[in-house]
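For this one, chain A is given, so just place chain B on it according to the hints.
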Amino acid sequence: MKVSSNDQLSVPRPRGWRLLFGLISLSLGLGLLSMLGLASNQRQFGFSYLTGFTFIASLGTGTLFWIMIHHITDAGWSVVLRRLLENYSKSLPLLLVLFVPIVMNAELVYRWTTSVEESVLAKQSWLNLPFFAIRGAIYLLIWSGLAWWLATTSSRQDATADPASSKRMQGASAPGLIVLALTTTYASFDWLMSLEPTWSSTIFGVYFWAGSIVGSLALLTLAILGLHAAGWLRNTIRTEHLHDLGKLMFGFTIFWAYIAFSQYFLIWYANLPEETSYFIARRTGSWNGLSWSLAIGQFLVPFLLLMPRTFKRNAPILGFAAAWILLFHYVDMYWLVMPTLHSEGVRVHWLDLTIPVAMLSGTLALTTWLSLGKPLVPVGDPRLSESLAFHSS
Amino acid sequence: MSEIHVPARPGGRVALVQGGQTFGSLTNLVSGITEASTPKWWWPAFLTSLTVLSVGVGMAAYLISTGIGVWGLNSPVGWAFDITNFVFWIGIGHAGTLISAILFLFRQKWRTSINRFAEAMTLFAVACAGIYPLIHLGRVWLMWWLFPAPNANAIYPNFRSPLMWDVAAVSTYAIVSLLFWYVGLIPDLATLRDRAAPGLRQRIYGFFALGWRGAARHWQHYEMAYLLLAGIATPLVISVHTIVSMDFATSILPGWHATIFPPYFVAGAVFSGFAMVLTLMVPSRVIFGLENIVTTRHLENICKILLATGLMVGYAYSTEFFIAWYGGNPYERFTFMNRAFGPYGWAYWVMVTCNVLSPQIFWFKKARTTPWIMFVISIFVNIGMWFERFVIIVTSLHRDFLPSSWGMFVPTWVDIFEFIGTFGLFFTLFLIFVRFVPIVALSEVKAVLSDQNHEMQHVERAAS
Numbered sequence: 001m002k003v004s005s006n007d008q009l010s011v012p013r014p015r016g017w018r019l020l021f022g023l024i025s026l027s028l029g030l031g032l033l034s035m036l037g038l039a040s041n042q043r044q045f046g047f048s049y050l051t052g053f054t055f056i057a058s059l060g061t062g063t064l065f066w067i068m069i070h071h072i073t074d075a076g077w078s079v080v081l082r083r084l085l086e087n088y089s090k091s092l093p094l095l096l097v098l099f100v101p102i103v104m105n106a107e108l109v110y111r112w113t114t115s116v117e118e119s120v121l122a123k124q125s126w127l128n129l130p131f132f133a134i135r136g137a138i139y140l141l142i143w144s145g146l147a148w149w150l151a152t153t154s155s156r157q158d159a160t161a162d163p164a165s166s167k168r169m170q171g172a173s174a175p176g177l178i179v180l181a182l183t184t185t186y187a188s189f190d191w192l193m194s195l196e197p198t199w200s201s202t203i204f205g206v207y208f209w210a211g212s213i214v215g216s217l218a219l220l221t222l223a224i225l226g227l228h229a230a231g232w233l234r235n236t237i238r239t240e241h242l243h244d245l246g247k248l249m250f251g252f253t254i255f256w257a258y259i260a261f262s263q264y265f266l267i268w269y270a271n272l273p274e275e276t277s278y279f280i281a282r283r284t285g286s287w288n289g290l291s292w293s294l295a296i297g298q299f300l301v302p303f304l305l306l307m308p309r310t311f312k313r314n315a316p317i318l319g320f321a322a323a324w325i326l327l328f329h330y331v332d333m334y335w336l337v338m339p340t341l342h343s344e345g346v347r348v349h350w351l352d353l354t355i356p357v358a359m360l361s362g363t364l365a366l367t368t369w370l371s372l373g374k375p376l377v378p379v380g381d382p383r384l385s386e387s388l389a390f391h392s393s
Numbered sequence: 001m002s003e004i005h006v007p008a009r010p011g012g013r014v015a016l017v018q019g020g021q022t023f024g025s026l027t028n029l030v031s032g033i034t035e036a037s038t039p040k041w042w043w044p045a046f047l048t049s050l051t052v053l054s055v056g057v058g059m060a061a062y063l064i065s066t067g068i069g070v071w072g073l074n075s076p077v078g079w080a081f082d083i084t085n086f087v088f089w090i091g092i093g094h095a096g097t098l099i100s101a102i103l104f105l106f107r108q109k110w111r112t113s114i115n116r117f118a119e120a121m122t123l124f125a126v127a128c129a130g131i132y133p134l135i136h137l138g139r140v141w142l143m144w145w146l147f148p149a150p151n152a153n154a155i156y157p158n159f160r161s162p163l164m165w166d167v168a169a170v171s172t173y174a175i176v177s178l179l180f181w182y183v184g185l186i187p188d189l190a191t192l193r194d195r196a197a198p199g200l201r202q203r204i205y206g207f208f209a210l211g212w213r214g215a216a217r218h219w220q221h222y223e224m225a226y227l228l229l230a231g232i233a234t235p236l237v238i239s240v241h242t243i244v245s246m247d248f249a250t251s252i253l254p255g256w257h258a259t260i261f262p263p264y265f266v267a268g269a270v271f272s273g274f275a276m277v278l279t280l281m282v283p284s285r286v287i288f289g290l291e292n293i294v295t296t297r298h299l300e301n302i303c304k305i306l307l308a309t310g311l312m313v314g315y316a317y318s319t320e321f322f323i324a325w326y327g328g329n330p331y332e333r334f335t336f337m338n339r340a341f342g343p344y345g346w347a348y349w350v351m352v353t354c355n356v357l358s359p360q361i362f363w364f365k366k367a368r369t370t371p372w373i374m375f376v377i378s379i380f381v382n383i384g385m386w387f388e389r390f391v392i393i394v395t396s397l398h399r400d401f402l403p404s405s406w407g408m409f410v411p412t413w414v415d416i417f418e419f420i421g422t423f424g425l426f427f428t429l430f431l432i433f434v435r436f437v438p439i440v441a442l443s444e445v446k447a448v449l450s451d452q453n454h455e456m457q458h459v460e461r462a463a464s
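If you read the protein sequences in the order shown, they are chains A and B.
Those letters in the first sequence? Residues 1 to 393, per this note's numbering, in order.
Those letters in the second sequence? Residues 1 to 464, per this note's numbering, in order.
Honestly, the hints are just simulated from the structure, not real lab data.
All the given hints hold, so there is nothing to weed out.
Computed Cβ-Cβ distance ranges for the label pairs, DEER-style: (1) A:304 - B:22: 42 to 48 Å; (2) B:457 - A:234: 28 to 34 Å; (3) A:274 - B:287: 51 to 57 Å; (4) B:225 - A:124: 57 to 63 Å; (5) A:158 - B:45: 55 to 61 Å; (6) B:458 - A:158: 22 to 28 Å; (7) A:124 - B:405: 31 to 37 Å; (8) B:171 - A:124: 48 to 54 Å; (9) A:69 - B:405: 46 to 52 Å; (10) A:179 - B:20: 40 to 46 Å; (11) A:179 - B:287: 38 to 44 Å; (12) A:158 - B:376: 41 to 47 Å; (13) A:74 - B:171: 35 to 41 Å; (14) B:45 - A:274: 51 to 57 Å.
So these bits of chain B aren't anywhere near chain A, every CB distance computed over 10 Å: (15) 26; (16) 134; (17) 174; (18) 412.
Treat the numbers as computed from the prediction; the structure is a model and nothing was measured.
Beta carbons are placed, not taken as given, at the ideal position from N, Cα and C, and that holds for glycine.
Bound-form chain A, shown alone (with noise of 0.2 Å):
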C-alpha cells in the first residue's frame, strides 16, 4: 500500500508560515508579558516560570521515549505517527535557553541554596549550585543530541529509504533509553524533588516519568487531530491509529495513578514524620482539594472517558480525554512545585497561565519552522505500508 496520493503530506508554505506566524507571536506575546511578572514578583515567577519549565521538559522526555520505544520494540503500527514526534523533540535544545533563567532564579526557588539546616548541608556536595547546573545542562544536551540525531537520520531515510537506518535507529534506541531514564530520573530529583531539600522518594522519577509518557501521548494526540481539522493526513493517520494512542493513553493514565498510589500510600502507611510532611503540605488547605482534583483529574476522568471501544475512535471525544490529560498533567507539574511557594493555600497567579502557555507555543513554533515543506510521516521507512494498512482490533 502507497500513502493515499489525495493525501497531503507536508504543510503547505502559505498556511505553515501563518501558523509559524501565529505560535511565535503568541509565544513572544505571552513571555513579554511575563517578564512584567518578573518585575513585579520575582519569587513568583521562579516558581510559575519552574513549573512552566518541567512541564515542557516532560514532554520533550515524555516525546522522546515513545520515539526510542517505537524503534527498539521495532513497531509497525506506529510508524506514521513516529514523524510528528520526532519534529517536536527537535525544539529540546529549546530548553537549554529556558534552563538559563532555573540557574539564575535558584536562589529564589530552592531552599538549600541558602539552607544553613545541618541535613541540608550534609547534601551539599550534590546539592549546590555549579553542580545543579551542569548536571541540567548535561542532561539536556543528552537529550537534544538523541533527539537530533534519531530525527535527522529518520529524514535522511526519507530520500535513501534505506532499511539499514531503522537498524541504526533501532540500535541507538537501546542505549538511549538507559541513559534517558537516568537522566530523566535525575532531572526530576533534581528540578522538583529538591524544592523540599529533606524529603526523598525513590519512586520519584517514575512518578515523573509516567505522568511524562501519558502528558506527550496526549500531545500528540491533540497535534493529529488539528492537523486533520486542517484537513491534512486524514487518510494516512486514520481512526485505527488514534484508537490506539487511545488505548496507550488509557493504559498509561492507569500505571500514572499506579504509580501515584504506591508512593502516597506506603508514605501514609508507614507515617514517618520525615515522608509526610510532603503529603501533609498537600493535604492542608485548599491544597487537600487540589490534590483530590488531581486524582479525580489526572486518573478517573480519562480513565472513564478512555475505556469504552466508541470513545476512542470518536475524534471530538478523543480530543477532549487528550486536552483533559494534558491540562491535568500541567496541574501535576504545579501540585509538584507550589506548595512551596503557597503552603498557605493554593493561589493561582496570572504568571501560571502565561508562562506554559509561551513555552508550548514556542517550541511548537520551533517544531512548525522546522518541518516546514518536509514530509509529516517517514516516507522512507520500511515499515511504512505495514502502518499504513493496521488495523486495530
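Quick look at chain B alone, frame taken from chain A:
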C-alpha cells in the same frame, strides 16, 4: 534451512512459524506429544521429582509436628527462607501471566508459541509459593483464621495487615490464572478428544473440552472470554507482586520501606519468570521437536525482555542506594552499606552479578541466538533473583537498630530440604503437564500461521 520472512523483502519480519508447517502438521506435532507412548526418560524424571517432592512433604510434616523452631529463624531474623522462597516462586509465576495477558493486549503474536507453557509454569509456581505462608503459620490447622469467617473466638483478621491482602491477592491470582489457562485450553482439548480412539482417553478429554465443537458461535464467545480474562489478569498480576512488595514496604524498616518497591518488585518478578521460561523452554523445544514453533526469534525476544527487566531491577538497586545517601537518614545509610559490605555482602554481590551484569551478554546477537548461552544466563538469573529476596529480607533484619540485638541467620537442613522439596513439586506437576496437556496453544499458533500465509500470498500476488 533458511528462515522464512514475512513479507519476503527488506523490512520483512522473521516468520513465527517456520519449516513450512501446515495446520495438519502442527496438529500432529503438538497432539503427538501426548499421544505417543511414554518416552523413556519420562518415568525416571517423574520418579526423581516425586522423590524430591516427598522430601519436601517430609520436611513440612516434621515442621508442623515439631514447630517452626526447626527452621533457622531467630530474633532479629524472624523472616528468612520461608518468605524468600515464597516471593521467589510467586515471582516466577508472573511471566506466565505477562506472556498470556499483557503481551496479548499488546498484540505480540509471538506469545502464542510459549503462552501455554508459561501459564502452566505460573500455576505450578503459585502452588509452590502457597506452601510457605501456610506452613509458616506453625499451626497450619488454624489457617482458616486467615479468611474473614466470623468465629466464636471473636478473633477477626486484621485487614490493615498487608499479609491479609496477600491471602486475597494470591488466591484470586491462582483462580484467575487457572481459569485463563483452562479457557485457552478448551479448543485444544477438543482436538485431542477428536483424535482419540473411543475409550477412556476420549471420554476424559471430552469431559474437559466442555462440548466444544468449533462452531463460529463458540469461537466468538471464546475470543470475548479470552479478551476479558486478559483484561482482568493484567491488573491482577501487577497487584499480586505490588502487595507482596507491600509486605515489606509498609513497614518502617530501613531497607524495606521504599516507595519504589511496587514497580521494582513487579519488574523483578517478570525478570525471574522469564528466566524460568527460558530455563524450561531451551531443553523442552529440543526434546519435543518444537524448533519450528518456538523459533530462534522467540528465544531472542525472551532474551531481550530479560535484558530490559534486568536493567529495570538494576535501576531500582542504584536508585535505592542513591536515595539512601541523599535521604540523609543514618539508619538507611547504614542498612545499605551493610547490605553491600557487611557479613552478607557476598550475597549482595551474587545478586548484582547475576541480575545486572550477567544479562548484559544479551547485547550480543550471538548470545541471544545461542541456546546454551541463554540457558546458562537463565540459571544465573534464577539464582540472582532468589538472592535478591534473600538480601532484601535478611540483610534488613539481621542488624537491628541497636547493636545489642544484632544477629545472623544460618539456614538449617530443614530450611534447605524444604526449598529443594518445592522444586520436586514444581517438576512433578510440570512433567504431568507435558505428558497429558498440549504444551503449545495449537489453535492460537494456527491463527498466526493463517495470517502469515495470507500475507505471503498477498506479497506474491503483488510481485507477479
